[in-house]
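Peer 1: Given next are the chains, with one letter for each unit.
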Amino acid sequence: MSMSAEIGTDCRLIDTELDLALIARAQSGETSPLSTQAREHIRNCARCRQLYAWLFEPTPSAESSPEVYRRVQQQLKSSLTPVAPQAAPRVLAAQFLVVFLLFASPAIALMGTAGLREMSALQLLGIGSVLFCGAALLSWSLAWQMTPGSLHRVPARVAVVTLSAGFLAGIAILFPWHAPEAFLLRGWKCLKTGILMAFPAALLFWLLVRRGYAMASGMLGGTLGTIAGLLGVSVLQLTCDRQDAAHLMVWHGGVLLVSTCLGIAVGRVINRVGRNAG
Amino acid sequence: MTQEAGSIVPQSDRAAWENELPGLMVRYQQGDPIAVEELMRRLSGMLMRFFSGSCNSKSDAEDLFQECWIRIHRARHTYRPTEPVLPWLFGIGRHTKVDGYRRRRRRESRELLVAELPEPPIRLQHEPGSESEKFDRLMESLPDSQREVILMLKVSGMSLEEVARATSSTVGAIKQKAHRAYEKLRLVLERESS
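Heads up: the protein sequence lines correspond to chains A and B, in order.
The numbering of the first sequence is this note's numbering, which starts it at 1 and goes up by one.
The numbering of the second sequence is this note's numbering, which starts it at 1 and goes up by one.
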């Protein structure tokens, strides 16, 4: 007789009931009572009794040795100073957004608004919305990532991918496709300017982020790189007079790609160095 | 003051036990040494169980335990009094565990053959047939990601949302992992009882 065949229909019913009870407990923290039939079955069936006991009885404690415990306690108490609690994620997100705008505004003022003049109202509204929503989404993501135990309503990976996809789609839909003219030369200049702008921006964002506790340095680095790259792209969008889809997609999009990849790489290196030092 | 022995979370007054944690964390942030003692007494058993579930030796688990408390201490300002304590604590615990695992793997990959073997580490040993032994044996049958979720759900009694917070994941993903883990545990128990 096969193993699964040995498990009776009643056991399967118990499995279903236990599943429901487990989900209820995990959702509300309270265990819903089992039916009389289930309780009766558990009393008579060794397999279900064992399963029920494992799932619902308290977990046995594990203890560190008293020396380790004392040593840790001493360490914590010897460096105990009052600290101010970190701001709420919404405040942190607002700070990131303010830094984004404060950094972008003087850069645009210095570099001129040739791009703004080239764009139609629809193009400006469309791509402006994508860039602003992207900056807000990434700001929230950074705030969640620097706060342990916060609920990530949008995972960082999803935020980065959504922004990139939104930017590319916006460009493809809103901007015309012209025959490339000095494609490489003009493009390279934009890429260089965007990346050069992203570097100090990333440093500024990092100064804000380091006040929290980074949970995954690679992803955090990637998000920092993306928001810094987005800042470069936003400035280029308003200052560059080449408003055709191919140029925007390849060279302005390239700023986003390069800065995201650099951010991930730097985050991983920092994580590795920190881990080895620890 | 020593660690709380026996069950990790008092089942009878769990809600009250949990409601007191934010207050203790606030006092910890204000620099109260009694709050440190009390928090360590309440949470150490839970953390040690969390690390024991994924370490081969007791010394490895204790290393992680120690490192985790130091990280908690350094990151204590990131706790917000309006938020639950356990997801915050386990978020840092999980990060400590992942870093420890990667560090151990790198160390192992660099190890050289030596003529004389060093003293073997003390294994995590429980009395045969004891609850702890049974618990660890069952946990070993699960893949890492599922084990982590079950450990958090079962050891700390956190809700799905709290585990999602601790793992920077979504409630749906946690629910799926927990469901798969229970399926697997059920198969192991069926095999054992037959």
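The reader is advised that the hints may include incorrect statements.
[Claimed, not checked] Here are a few chain A residues that face chain B, going by a calculated C-beta distance under 8 Å:
#, residue
1, VAL72
2, PRO82
3, GLN86
4, LEU151
[Said to hold, decoys possible] Pulled from the structure, derived: some chain B residues nowhere near chain A, Cβ distances all over 10 Å:
#, residue
5, GLU20
6, GLY23
7, LEU24
8, SER44
9, HIS77
10, THR82
11, PRO84
12, GLU140
13, ASP144
14, LYS154
15, ALA164
16, THR170
17, LYS184
18, GLU190
Source of the hints: derived by calculation from the structure; they are not laboratory data.
Bear in mind the structure is a predicted one, so any value in this text is a computation, not a measurement.
All C-beta atoms, glycine included, are put in the ideal place defined by N, C-alpha and C.
Peer 1: State for each hint whether it applies.
Peer 2: Outcome of the hint check:
1. VAL72: holds (5 Å)
2. PRO82: Constraint on A/PRO82 satisfied, holds at 4 Å.
3. GLN86: Cβ of A/GLN86 sits 5 Å from chain B, so the hint holds.
4. LEU151: With a minimum Cβ separation of about 5 Å from chain B (threshold 8 Å), the hint on A/LEU151 holds.
5. GLU20: Fine: 16 Å to the nearest Cβ keeps B/GLU20 off the interface.
6. GLY23: holds (13 Å)
7. LEU24: holds (13 Å)
8. SER44: violated (7 Å)
9. HIS77: violated (4 Å)
10. THR82: Check fails; 8 Å does not lie beyond 10 Å.
11. PRO84: violated (7 Å)
12. GLU140: About 14 Å separates B/GLU140 from the closest Cβ of chain A, which puts it past 10 Å; holds.
13. ASP144: holds (16 Å)
14. LYS154: Nearest chain A Cβ is 5 Å from B/LYS154, so the label is violated.
15. ALA164: B/ALA164 not clear of chain A: closest Cβ-Cβ about 7 Å, inside 10 Å.
16. THR170: Violated: least Cβ distance 7 Å, not greater than 10 Å.
17. LYS184: Its Cβ never comes within 10 Å of chain A, the nearest being 12 Å, so this holds.
18. GLU190: Answer for B/GLU190: violated, closest chain A Cβ roughly 6 Å.
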